[in-house]
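Engineer: Sequence:
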Amino acid sequence: MTNEIPITIHGNLTKDPELQTFPDGTPYVNFTVANTPRRYDRQSQQWKDGEPTFFNVKASGQLAANMARSLSKGARVIIEGVIAQRAFQGQDGQQHRTMEVSATDIGASLIFAAVNVHRSNQHN
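Residue numbering for the sequence shown follows our numbering, starting at 40 and increasing by one per position.
Treat the hints as calculated values from the structure; they're not laboratory data. Treat the hints loosely; a few may be bogus.
Straight-line alpha carbon distances no greater than 30 Å define the calculated DSBU-like cross-link-like pairs of lysine-lysine that follow [as the list claims (entries may be wrong)]: (1) K112 / K97; (2) K97 / K54; (3) K112 / K54; (4) K112 / K87; (5) K87 / K54.
Derived Cβ-Cβ restraints for the label pairs, each shown as a range [to be verified]: (6) H157 / I117: 17 to 23 Å; (7) T92 / D144: 16 to 22 Å; (8) R136 / N160: 38 to 44 Å; (9) N69 / Q133: 17 to 23 Å; (10) Q59 / S83: 43 to 49 Å; (11) T60 / T137: 20 to 26 Å; (12) Q128 / R158: 40 to 46 Å.
All values reported here derive from a predicted model rather than from experimental measurement. The C-beta atom is built at its ideal place from N, Cα and C for all residues, glycine as well.
Let the hints inform the model, and build the full structure from the sequences given.
Structural biologist: Next comes the structure, spelled out in structure tokens:
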């Protein structure tokens, strides 16, 4: 891809990751992360949610396999990767463009959760 821009995303998985495989046997996942900004409203003394931003993310190889085994819908995650524009042909036959993140690392956020880490048997 051209014009790749490094990005870090903090957000929540919008659904359970579904592990799939390319014809050559390489595992991959495509998933969406929602990032919702929050602000404290002093008048009501409550936190208020802003408008969410949704990121389409893809991962492959051992990263994808470990992610699918470890995380589920609603999990707060930290995604490290590169974001780039991708062109595709829509169902309407027209060319469209979308922004897509290629993950280089995925982690569970420890702000609201605790995790037990188990080393994977496979390494890339």
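Engineer: Enumerate the violated hints, using their earlier numbering and listing them in ascending order.
Structural biologist: Violated hints: none at all, because every hint is consistent with the structure.
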